[in-house]
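Undergrad: Produce the entire structure from the sequences given, and follow the hints as far as they go.
Each chain, letter by letter, is given below.
There are 4 protein chains.
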Amino acid sequence: MNDSAYALFVQQQTDRGIDLEQVKTRLKALKIETPSWGYGDSGTRFKVFQQVGVPRNPFEKFEDAAQVHRVTGICPSVAIHIPWDKVEDYKQLQQHAASLGLTIGAINPNLFQDDDYIFGSLCNSNQAIRKKATEHMLECVAVARETSSSLLSLWLADGTNYPGQASIRQRKHWLLEALNEVYQALEPQMRLLIEYKFFEPAFYHTDLGDWGMAYNTALKLGKQAQVLVDTGHHAQGTNVEQIVAYLLDEQCLGGFHFNSRKYADDDLIVGAINPYELFLIFYQILDALSDAEAGVRQTAENIAYMIDQSHCIEPKIPAMIRSVLNVQTQYAKALLINLAEVRAAQEKQDVLAAENAVRTAFELDVTPLLQVVREEMGVPVDPMAAYLASGYAEKIRARGKGGASW
Amino acid sequence: MNDSAYALFVQQQTDRGIDLEQVKTRLKALKIETPSWGYGDSGTRFKVFQQVGVPRNPFEKFEDAAQVHRVTGICPSVAIHIPWDKVEDYKQLQQHAASLGLTIGAINPNLFQDDDYIFGSLCNSNQAIRKKATEHMLECVAVARETSSSLLSLWLADGTNYPGQASIRQRKHWLLEALNEVYQALEPQMRLLIEYKFFEPAFYHTDLGDWGMAYNTALKLGKQAQVLVDTGHHAQGTNVEQIVAYLLDEQCLGGFHFNSRKYADDDLIVGAINPYELFLIFYQILDALSDAEAGVRQTAENIAYMIDQSHCIEPKIPAMIRSVLNVQTQYAKALLINLAEVRAAQEKQDVLAAENAVRTAFELDVTPLLQVVREEMGVPVDPMAAYLASGYAEKIRARGKGGASW
Amino acid sequence: MNDSAYALFVQQQTDRGIDLEQVKTRLKALKIETPSWGYGDSGTRFKVFQQVGVPRNPFEKFEDAAQVHRVTGICPSVAIHIPWDKVEDYKQLQQHAASLGLTIGAINPNLFQDDDYIFGSLCNSNQAIRKKATEHMLECVAVARETSSSLLSLWLADGTNYPGQASIRQRKHWLLEALNEVYQALEPQMRLLIEYKFFEPAFYHTDLGDWGMAYNTALKLGKQAQVLVDTGHHAQGTNVEQIVAYLLDEQCLGGFHFNSRKYADDDLIVGAINPYELFLIFYQILDALSDAEAGVRQTAENIAYMIDQSHCIEPKIPAMIRSVLNVQTQYAKALLINLAEVRAAQEKQDVLAAENAVRTAFELDVTPLLQVVREEMGVPVDPMAAYLASGYAEKIRARGKGGASW
Amino acid sequence: MNDSAYALFVQQQTDRGIDLEQVKTRLKALKIETPSWGYGDSGTRFKVFQQVGVPRNPFEKFEDAAQVHRVTGICPSVAIHIPWDKVEDYKQLQQHAASLGLTIGAINPNLFQDDDYIFGSLCNSNQAIRKKATEHMLECVAVARETSSSLLSLWLADGTNYPGQASIRQRKHWLLEALNEVYQALEPQMRLLIEYKFFEPAFYHTDLGDWGMAYNTALKLGKQAQVLVDTGHHAQGTNVEQIVAYLLDEQCLGGFHFNSRKYADDDLIVGAINPYELFLIFYQILDALSDAEAGVRQTAENIAYMIDQSHCIEPKIPAMIRSVLNVQTQYAKALLINLAEVRAAQEKQDVLAAENAVRTAFELDVTPLLQVVREEMGVPVDPMAAYLASGYAEKIRARGKGGASW
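Chains as they are written, first to last, in the UniProt record's numbering: chain A, 1 to 406; chain B, 1 to 406; chain C, 1 to 406; chain D, 1 to 406.
Please keep in mind that the hints were generated in silico from the structure rather than gathered at the bench.
The calculated lysine-lysine pairs, modelled on DSS-like cross-linking and capped at a C-alpha distance of 30 Å, are:
{"hint": "1", "chain 1": "A", "residue 1": "K47", "chain 2": "B", "residue 2": "K131"}
{"hint": "2", "chain 1": "C", "residue 1": "K132", "chain 2": "B", "residue 2": "K348"}
{"hint": "3", "chain 1": "A", "residue 1": "K401", "chain 2": "B", "residue 2": "K131"}
{"hint": "4", "chain 1": "C", "residue 1": "K348", "chain 2": "A", "residue 2": "K401"}
{"hint": "5", "chain 1": "D", "residue 1": "K401", "chain 2": "C", "residue 2": "K47"}
{"hint": "6", "chain 1": "A", "residue 1": "K223", "chain 2": "A", "residue 2": "K131"}
{"hint": "7", "chain 1": "A", "residue 1": "K86", "chain 2": "B", "residue 2": "K47"}
{"hint": "8", "chain 1": "C", "residue 1": "K401", "chain 2": "D", "residue 2": "K401"}
{"hint": "9", "chain 1": "D", "residue 1": "K86", "chain 2": "C", "residue 2": "K47"}
{"hint": "10", "chain 1": "D", "residue 1": "K348", "chain 2": "B", "residue 2": "K47"}
{"hint": "11", "chain 1": "A", "residue 1": "K401", "chain 2": "B", "residue 2": "K401"}
{"hint": "12", "chain 1": "B", "residue 1": "K86", "chain 2": "A", "residue 2": "K47"}
Note that this is a predicted model, so its numbers are computed, not measured.
TA: Okay, structure coming up:
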C-alpha cells in the first residue's frame with residue numbers, strides 16, 4: 001500500500017507543479033544537530049526526575065546520539081557543552097564520535113553554573129570574573145579548534161533581577177569588550193552564534209534579551225558573528241518567522257535552537273505545541289533560498305539547525321527522535337509550498353489565495369514522501385519503531401540512575 | 001526632624017479626612033506570615049547559588065524567621081513545608097517557635113518532589129500514587145492538628161506537558177475525589193487554601209490552572225475551602241485585583257502568597273516590580289472591609305497574608321525583611337485612600353476624580369507614619385538597619401554553606 | 001484520481017481502526033452558524049476599509065449567508081445582532097431566511113454602541129441605564145421568541161479603564177441582578193450563552209473577564225445559562241482546550257465564537273494562525289462525547305458552533321467560507337483520532353505514545369474524506385472554487401460601497 | 001503649611017545628598033509635547049463616544065493645547081498630524097500657535113487611513129501606492145520646513161494579517177527605499193523619528209514590529225534618523241527601560257510617545273497603570289545624562305518627550321493635563337535618585353542596597369517640590385484645579401458635539 005500511497009502522492013504533487021526530485025534532494029540534505037545534554041537528565045527548578053539509563057559521560061552521550069542518527073540518517077553531528085562534556089583528550093572524543101558516524105558540532109560554553117557567576121559572567125562588574133568568563137570562551141574556541149568544529153554557540157544567561165541592581169549600559173560595554181576578544185581568537189572558518197533570550201534565569205533584564213541586541217552585537221563584531229534563534233526565547237505573541245526573514249535578509253541568521261513552548265522557555269519536544277509556526281519558519285527560509293540575492297541565499301544554506309530541548313518526563317532518546325522527525329516533517333511540508341503560486345497571488349494582492357497557497361502545503365500528509373526518502377537514504381522507514389524495536393533502551397538500563405544532568 | 005515630619009503628616013491626613021488612629025490600629029494589626037523555605041537556598045533550573053549561613057534544619061529556619069519578626073513586629077507566624085520541615089516531634093518544633101515568639105502557620109504539603117509524582121500526584125492516573133498523595137495531605141492535616149495550625153495550603157503542581165498526555169476531565173474527577181477525602185479530615189476551625197498557577201512545572205495544562213478552577217473546587221468542597229492567590233501565578237496582563245475583589249465578594253478568598261514578577265513565576269521580592277498592583281490589591285480588600293455585607297467583611301478580615309518568594313541572589317533574611325516592609329508600605333498607603341471621596345466620584349461617574357482619589361494615596365510618603373507605628377509597637381524604626389546592625393548575619397556564617405534548600 | 005485517493009484513505013483509516021462511517025455521519029451533522037455582521041464592513045480603530053458589494057440591510061446579509069450554506073452545506077443558521085439587524089417585521093426576516101434555506105440563529109444584543117453606555121450597560125452605576133440595557137436584553141428575548149431562535153448570546157463589553165473608576169463588586173451585583181431578570185424571561189427551550197473577554201474595549205477591568213466569571217454567573221442563574229467561549233478572548237498562553245474540557249465536564253459549555261488571533265482579539269479567519277489549537281479543542285469535545293457521563297455528552301451534543309470574526313482586508317463571503325472550511329477540516333481530523341489508542345497510552349502513562357496518537361490524526365490529509373462527504377451531501381466538492389465560479393461576487397458589486405458596518 | 005512641607009522636604013533631600021537646585025533646574029527645563037489629535041474624539045473599534053466641546057479644527061486644537069501649557073508651563077509645543085491638521089496656510093497655523101505661546105512640534109504623517117493603504121503604504125507591493133505614500137512623507141517634510149519644526153515622526157501601520165499574504169523581505173526593501181528618499185529631503189536640523197509597534201492594525205506581522213527593526217532602519221538611513229519609543233507598543237513583559245538604555249547608548253533614541261497600557265496598545269493616561277515603569281525609564285535617562293560619554297549625553301538631552309494617548313471616556317483637556325502631571329511627577333522622583341549611592345552599591349554588588357537606592361526616590365512625595373517649582377515658574381500650584389476653575393470647559397461646550405476625530 002505504501003507504493004500506491006507514494007504513487008498517488010507523486011501524481012498529486014506533480015499536478016501541483018512541485019518538482020519532487022528537488023524536494024527529495026533537499027530532504028536528504030537536511031542536517032539536524034542534537035545536543036549532548038539532551039540525552040542526560042534535566043528538569044525544572046522544582047524537581048529533576050532521574051531516569052534509568054541516561055549516559056554517564058560524554059562518550060555515552062555520543063553513543064545515544066548515534067542511535068538517533070542511525071534511525072533518522074539526518075543527525076550526524078552533536079553539540080557539546082563545556083564543562084559538562086569536558087574530557088582530557090578531545091581528539092579521543094572526536095575519534096569516538098567518528099567511530100559512531102558522528103562529528104562534533106557546536107561548542108557551547110557554560111557561563112551560568114559557576115558560583116562566581118551569581119551576578120553575571122561576561123557582564124559582571126567584577127573584572128576578574130569577566131576575565132574568567134572570557135577565558136572560558138577562549139577555551140571553547142580551543143576545543144572547537146581541536147575538535148574541528150566551526151561553531152561556537154553563546155547563550156549568555158547574564159542579567160539582573162531588580163531595577164537598579166546594575167548598570168545596563170556598562171554591562172553592554174563589558175559584553176562587547178569580552179566578545180571582541182573572543183572574536184579575535186576565532187579561526188577564519190569559525191562562526192560565533194549569539195543567542196538571545198527574553199528572560200530566565202534573569203528576571204528583570206537580560207543582557208542579550210532579544211534578537212535586536214544579539215544582532216547589534218554581531219554587527220559590531222564582524223561577519224563571523226551571527227544570531228542564533230532559539231524558538232522558545234521570545235515574548236508571547238512574537239512573530240518568530242518574521243525575525244527569521246529579517247535576519248536572513250541581513251545575512252545574519254546563523255542557526256536555530258529548536259524546541260517548543262506554550263508559555264515561557266518550556267523546552268518541550270520541537271513542534272509539539274504549534275507545528276504551524278515551525279512550518280512558517282521553514283517557509284521563510286525556503287522563500288529566501290529561492291529568490292533572494294546571493295549573499296542571503298548563502299546565509300540560508302549555512303543555517304545550523306540544532307535541537308535544544310529539556311524533556312523532563314519523557315524517555316530521552318525517543319523524545320529526541322520525535323523532535324527530529326517533527327522538524328523533518330514540517331520541513332518536508334514547507335518544501336511542498338508552490339512558491340510561484342504564492343508569489344503570483346501576492347502580486348495580485350489576493351490575500352486569501354496567497355495564504356491558501358502557503359497553508360495548502362501544511363495540510364498535506366507527507367508520510368509517503370518521507371518513507372520513500374528514508375528508503376532511498378537507507379534508514380528505517382519508521383525511525384521511532386525501529387528504535388523501539390532495537391533493544392537499545394533495554395541495553396542502557398544497565399547504566400542505572402544518576403547519569404549526567406545539568 | 002522625624003517629629004516634625006510626622007506632625008506635618010498628621011495635619012495633611014487630617015485635612016484629607018483620614019482617621020489616622022484607625023489607620024494606625026489597622027497597621028498594628030497587620031500580620032504577614034513568612035515561609036520557612038524562604039530562609040533556605042533556592043534557585044532556577046540552571047543553578048542554585050548556595051549561600052553561607054542558611055539554616056540547616058527547621059529549628060534554625062525559625063530562628064531566622066524570629067529575626068524578621070523581631071525587627072518588624074508583624075511576622076509572628078511561619079509557614080512550614082512537609083517534608084522539608086518534617087521533624088520527629090512537632091510539639092518540640094512548636095515549643096521552639098513559641099520560645100522565639102513565633103507560631104506555626106500554614107502547613108504546606110509537597111506533591112511534586114517525589115519520584116512517584118512525575119506524572120502527577122492527586123491527579124495521577126495510577127491509583128496507588130493518588131492514594132499516597134492523599135495520605136500525605138492527611139499527614140499534613142495531622143501536622144496542623146499537632147501544631148495548632150488552622151491552615152492547610154495546597155499548591156498542586158500537577159499537570160501535563162503535551163496534548164493528549166492525559167485526560168483533563170478524568171484528572172479533574174480524581175482531584176475532587178482526593179480533596180474530598182482531605183476535606184473530611186479537617187477540623188472545624190481549619191481551612192484548606194487552594195492555590196492555582198498558570199504554568200510551571202507543567203507546560204501544557206495545569207490541573208488547577210487559574211482562579212476559576214480553584215474556586216470551583218472550593219465550591220464543591222465546602223465553606224472551609226477557599227482560594228489562595230499567589231500574585232505571580234497569572235497570565236501576563238491579568239487583573240489580579242479584580243480576582244481579589246471577585247473572590248472576596250464570593251466569600252472565597254482565603255489568602256495570598258505574595259511575591260513579584262515581571263515575566264512568569266519569577267518569585268522576586270514582593271512589590272519590587274510593580275508596587276502599584278500590590279497597592280491596588282489592598283485597595284480592593286479595604287474597600288470590601290469598609291462597605292460590603294457582613295460575610296464579605298468577615299472573609300476580608302480572615303485573609304492569610306503570606307510571603308512566598310524564591311530569592312536566588314540576595315541574602316535571605318534581608319530579602320525577607322524587604323518584602324515584609326514593602327507589603328506594609330503599600331498597605332499603609334492603601335489605608336490612606338479616602339474611600340468616601342472615591343465613592344462620591346464613582347457616583348458622579350467622574351473617571352478622573354475617582355482614579356485620582358485612589359492614586360493620591362499611592363503617591364504619599366508613609367515613612368513618618370510607619371516610623372511612629374513602629375515606635376508605638378516597640379520595634380525598630382528602621383527594621384532593615386536594625387537587622388544589619390544586629391550582627392546576626394555574621395553569627396550565622398558559622399553555619400557555613402550547604403544548608404536547607406529545595 | 002480522487003476515487004483512488006479516497007480508496008487509499010479508507011484503507012488507511014480502516015487499518016488504523018477508525019469507523020469511517022461514523023466519522024462521515026458526524027461530519028454531515030456538523031453545523032456552523034455564521035454571523036450576519038461578518039458580511040458587512042468592519043475594521044480596526046484606525047480604519048474601516050469599505051468594500052464594494054457588502055450587504056446594505058439584514059435581508060441582503062442573509063442572501064450572502066445563503067451562498068456560504070449553498071457551497072458548504074453546513075451553515076444553515078445565521079446569528080443576528082440587534083439593532084444592526086433590527087427590522088420592523090421579524091417574521092418577514094425569518095421567512096426570507098427560510099426561503100433561502102436558512103434559519104435565524106443566536107440573537108446578539110448590542111450593549112456597547114449607545115452613547116449611554118460610555119460607562120457600561122448592565123453594570124452602569126446609573127440605574128436608568130442599567131434598566132435600558134436590561135430592556136434591550138428583554139427585547140432580544142422577544143426577538144428570539146418571534147424568530148424561533150433558542151439562543152441568546154451575551155457579549156458584555158462593560159468594564160473600566162482605570163483603577164478606582166468604579167466598584168468592581170457593585171458592578172458584579174448589578175450584573176447578576178439584571179441577568180436574573182433576563183433569565184426569568186427566557187422560554188424553557190432557550191439558552192443564555194454568556195461570553196467573556198480578557199480586555200477591549202475596557203482596558204483596566206472587564207466585568208466578565210474570563211471563563212471563571214462567566215461560569216460563576218451561569219451557575220447562579222440556572223441550567224439555561226451556559227458559557228460561550230470566543231477563541232480570541234483569552235490572555236496569551238491560555239490553554240483554551242482545557243477550559244473547553246472543564247466547562248464540558250461541568251455541563252456548562254454552551255457554544256463557541258470561532259476566530260483566530262496571534263496577539264489580542266484579532267478576529268482573523270478561523271484556524272489561520274494556530275490550526276492545532278482548533279483541532280485540540282475538537283479533541284476535547286469528541287473525547288467527552290465518547291466517554292463521559294450522559295449529562296456531559298448531552299452538553300457536548302448541544303454546543304453551538306458559531307463563527308465570529310472581523311475580517312478587515314479580505315472579501316467577506318470567501319473569508320467566511322474559508323473559516324467554515326477550516327473548522328470542518330480540523331473537526332474531520334479530530335474525528336480521526338483513535339481515542340482507544342490514546343486512552344491505552346494514557347493508561348500506561350506513555351507520554352510519547354499518547355501524544356503521538358492525538359497528533360497523528362492532525363497530520364492526516366482529510367481532503368479525500370471531505371470531498372466524498374460533500375459529494376454525498378450534494379454540495380460542491382470544492383466549495384471555494386464553486387463560490388468563486390458562481391458569479392455572485394460580480395453580481396453584488398451593484399450594491400456599491402457603503403453597506404452595513406459596525 | 002506648604003511652606004513647612006517644602007522646608008522639611010529641602011532638609012530631607014539635603015540630608016540625602018541631593019542637589020535640589022539642580023533638580024529644580026531640570027524640572028523647569030522639562031518639555032512635554034502634546035498631540036493635536038489628543039484633543040479630538042477617539043475610541044475603540046467598537047465605538048467612538050463623541051464628547052461635547054472637542055475642537056472642530058486645527059486652530060481650536062491649539063487653543064485647547066494652550067490651556068494645558070497655561071496651567072502646567074511645560075507643554076509649549078504641539079504635534080500635528082497630516083492630513084488631520086492640514087490647513088491651507090501653515091504659516092497662519094504657526095502664527096496662531098505663537099499667539100497662544102505655542103510652537104508646532106513633530107509632524108506626523110498618516111499612512112493608514114487612505115483606502116489605498118489597505119495592504120500597506122511604504123511597503124505596498126503596488127509601486128504607485130508606495131510612491132503616493134512617499135510623497136505624503138515628503139509633503140510632511142515640507143510642512144516641517146514651513147512650520148519650523150525639526151521633527152518628522154513616522155508611525156508605520158504597515159503589515160499583514162496572514163502568513164503568506166506578502167513577502168516580508170521585499171517589503172523590508174521597499175520600506176528602506178522609500179525612507180531613503182524621505183531622508184534625503186530632510187533639512188540638516190531635522191530628525192526622522194522611527195516608531196515601531198508590536199501589532200495592530202496588522203495582526204500577523206508588522207513591518208516595523210520592534211525596536212530592533214526601527215533601529216536597524218535608522219542605522220541604514222543615517223544620523224538624522226532615530227528611534228521613537230511608544231511605551232504601549234511592546235509585547236507583554238518587555239523591559240522598556242532596557243530598550244531606552246540600549247538605544248541611548250547607541251545614540252539612537254530620538255523620543256517617546258508616552259501613554260500607558262495594561263494589555264495591548266491601550267493608549268491610556270500616562271502612568272495610570274504602572275507608574276514605576278515610567279520612573280525607571282527616567283532613571284535610565286538620568287543615569288546616562290550623568291555619566292555617559294558626550295555623544296550619549298547629547299542624545300539624552302535631545303530626547304523629544306511627547307504624549308500620545310487615546311483617552312476615550314475622559315474629558316480631553318483634563319486627561320491631557322493628568323498625563324503631563326504624571327510625567328512630571330515621575331521625572332521629579334527620578335531626579336531624586338542619589339545616583340552616587342546607586343553606583344556605590346552596584347560597585348559592591350549589593351543587590352538590595354542598589355535596588356533600594358533607586359526605589360527610595362520613587363517612594364518620596366514630590367508634591368512640595370512640584371508646588372515650589374510651579375510657583376517659581378509662575379504657573380498654578382495645582383494645575384488641574386486651576387484648569388477646572390477656569391471656566392474653559394464650560395466655554396467650549398458651545399462647540400457642541402461632532403468635532404475632530406480619527
